[in-house]
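S.K.: The primary structure of each chain is shown beneath.
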Amino acid sequence: MHLLIVSGKGGTGKTTLAAALAQLSGSEMVIDCDVEASNLHLLLAENDLQRQQFSGAKIAKEQANDCRRCGLCTDYCRFGAIHDGQVDSNLCEGCGVCVYVCPENHLVLTDMVTGTCVLSQTSNGLMSRAEMEPGAEGSGKLVTEIRRQGRLAVPNAQLTLLDGPPGLGCAVIASMTGCQLALVVAEASLAGLSDARRILALLKQMEVEALLCINRYDINLEASLEIEQLCDQQQIPLVGKIPHDPMVRRAQRHNQSVLEYPTSPAAQAIFALWKELRSRIAKQGGSIE
Amino acid sequence: MNIAVLSGKGGTGKTTVAVNLARVLHCRYVDSDVEAPNGFLFLQPDIQDKADVSVQIPQIDEQRCNYCLACVKHCQFNALFGTDSSIVFFEKLCHSCGLCSLVCKQNAIKEVPRRVGYVEFGSSAGAECWQGVLIPGEPVTGPVIDALKARLDGDLSIIDCPPGSSCSVVAAADKTDLALLVTEPTPFGVHDLHMAVQVTEKLNLPRAIIINRSEGQDAIIQDYANATGIPIIGRLPFSLEAAQIVSRGELLVDKEEWRQRFQNLAEAVRELIACTS
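Sequences listed follow chains V and R, in order.
Its first residue numbered 1, the first sequence is counted upward by one per residue in my numbering.
Its first residue numbered 1, the second sequence is counted upward by one per residue in my numbering.
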């Protein structure tokens, strides 16, 4: 069973919740799919077992031989990434058009390292994560790679927990592919509602069963109610409502899990959420102890 | 003058800073977080113009195709798959580079547009507001962001960037004049701030830090700023009330106490602009 935690909007509490659920579920494999700004390892990883560079994109490179400045590459490149035979690495998508049109063999396509895949030890099991090269192309491919790394490391994980990236572009689509269940963490705000709508539309397209929880629901009870109505309309099970709780901020400041404060209202709500989630996972045919 | 607002970490307050700052600076606001655009919820602009964003994708004429598979072999994105009697195209993998039609000796490939998003142009309180919106299910954000950036004309614009540190952030922040890095004083905040800083380094942008949900000293960010030499130009204090105002889609600058804070921030930004230009 692959369970993905997503939100559309950033900063709604995905990682905080993912860390708590990783502890509660005892999941043997946790994957941090937010490769552009990964944080889960700060809470869960104890030490790194393996680091491996990953080339997930190509880039055009100039050769030593002379460029005649014919300008064909510039004319044909649709990304504005090459001028006077010089490649702008920030803009090059590695499509190979310039290499193909160059009459002088001045250009070649080379592999580009887009990130480092890391396998880390957690207290329950293993974590697969990545450190993406800043500004790199192909964050989706990197996500696919660490998911593959996760499957190889723990081939028969009963529960694989995935902390998703914000947004709904390629990295989110790569995170969603093949997941059986997704938990949407919606923030009780107008922006949270708008982004929850968009992520639910994507989950529907990708045919991933969605569950939803509202974080800091009491910050805006009206928006929280609207999110509940959205769940009703779309028949999305609401599996939890987590209150605003200063202890969460305290935990974040000290790089601790919220569960370190088990009597706090937020931790209590997460315990209840996990109970509900566990029965949903069981219904889906997943088995967890 | 284009100012990029970025953060690395999502939910640190990029949009809150960008919309309120745009309001006090009376300048254009551009929402380039096309995966999760929220700025218009706050600014409520009257929309005056809207345009679809399309990308070019190949259409294969099976009458002309001789299944040489040159297009399949050349495509770097695995968007084409072929056998000796058919070619299958995966539109979501296509980067619209046009190489397949270039390599086709049979002239069997024609390019046709496919809609991936749209851009909207409006105004609010006398200032322009632009946004790009990616259609759910579309993986590639670049064309929607580029459609916004192609219209920039030199007038002061605040560009609300996507979170993260990938090519979407590069597309949004590239060729801007100044990066404002919004962060929060937590280990997550500083970790992701560093990711954003590395992107701005790659793009050669002058930059400054704004601390949101500040708790006074913010040692964790202050230490980072000292170590990197990036100035902290403003602090917005942690406030439950502010969180509630923002959650309702209201502008903080409509409240007197916050208006003053954003005016001070705008002043600091004006000074930076004077230094960089």
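Watch out, some of these pointers could steer you wrong.
[As the list claims (entries may be wrong)] From chain V, some residues computed to sit far from chain R (all C-beta separations above 10 Å):
| # | residue |
| --- | --- |
| 1 | R78 |
| 2 | Q205 |
| 3 | H244 |
[To be verified] As a list, the in silico PhoX-like pairs of lysine-lysine whose alpha-carbon atoms are at most 25 Å apart:
| # | chain 1 | residue 1 | chain 2 | residue 2 |
| --- | --- | --- | --- | --- |
| 4 | V | K141 | R | K50 |
| 5 | V | K241 | V | K275 |
| 6 | R | K105 | R | K73 |
| 7 | V | K141 | R | K202 |
| 8 | V | K141 | R | K105 |
| 9 | R | K175 | R | K149 |
| 10 | R | K202 | R | K50 |
| 11 | V | K141 | V | K204 |
| 12 | V | K61 | R | K175 |
| 13 | R | K92 | V | K204 |
| 14 | V | K204 | V | K241 |
| 15 | R | K202 | R | K175 |
| 16 | V | K61 | R | K73 |
| 17 | R | K50 | V | K61 |
| 18 | V | K241 | V | K283 |
| 19 | R | K149 | R | K202 |
It is worth saying that the hints were derived from the structure and are not from the lab.
Glycine included, every Cβ here is placed at the ideal spot set by N, Cα and C.
S.K.: Does each hint fit the structure? Answer for all of them.
M.R.: Status of each hint after checking the structure:
{"no.": "1", "hint": "R78", "result": "violated (6 Å)"}
{"no.": "2", "hint": "Q205", "result": "violated (5 Å)"}
{"no.": "3", "hint": "H244", "result": "violated (7 Å)"}
{"no.": "4", "hint": "V:K141 - R:K50", "result": "violated (32 Å)"}
{"no.": "5", "hint": "V:K241 - V:K275", "result": "holds (13 Å)"}
{"no.": "6", "hint": "R:K105 - R:K73", "result": "holds (14 Å)"}
{"no.": "7", "hint": "V:K141 - R:K202", "result": "holds (21 Å)"}
{"no.": "8", "hint": "V:K141 - R:K105", "result": "violated (31 Å)"}
{"no.": "9", "hint": "R:K175 - R:K149", "result": "holds (10 Å)"}
{"no.": "10", "hint": "R:K202 - R:K50", "result": "violated (33 Å)"}
{"no.": "11", "hint": "V:K141 - V:K204", "result": "holds (22 Å)"}
{"no.": "12", "hint": "V:K61 - R:K175", "result": "holds (22 Å)"}
{"no.": "13", "hint": "R:K92 - V:K204", "result": "holds (17 Å)"}
{"no.": "14", "hint": "V:K204 - V:K241", "result": "holds (22 Å)"}
{"no.": "15", "hint": "R:K202 - R:K175", "result": "holds (11 Å)"}
{"no.": "16", "hint": "V:K61 - R:K73", "result": "holds (20 Å)"}
{"no.": "17", "hint": "R:K50 - V:K61", "result": "violated (38 Å)"}
{"no.": "18", "hint": "V:K241 - V:K283", "result": "holds (21 Å)"}
{"no.": "19", "hint": "R:K149 - R:K202", "result": "holds (19 Å)"}
In this structure, the hints that do not hold are numbers 1, 2, 3, 4, 8, 10, 17, in rising order.
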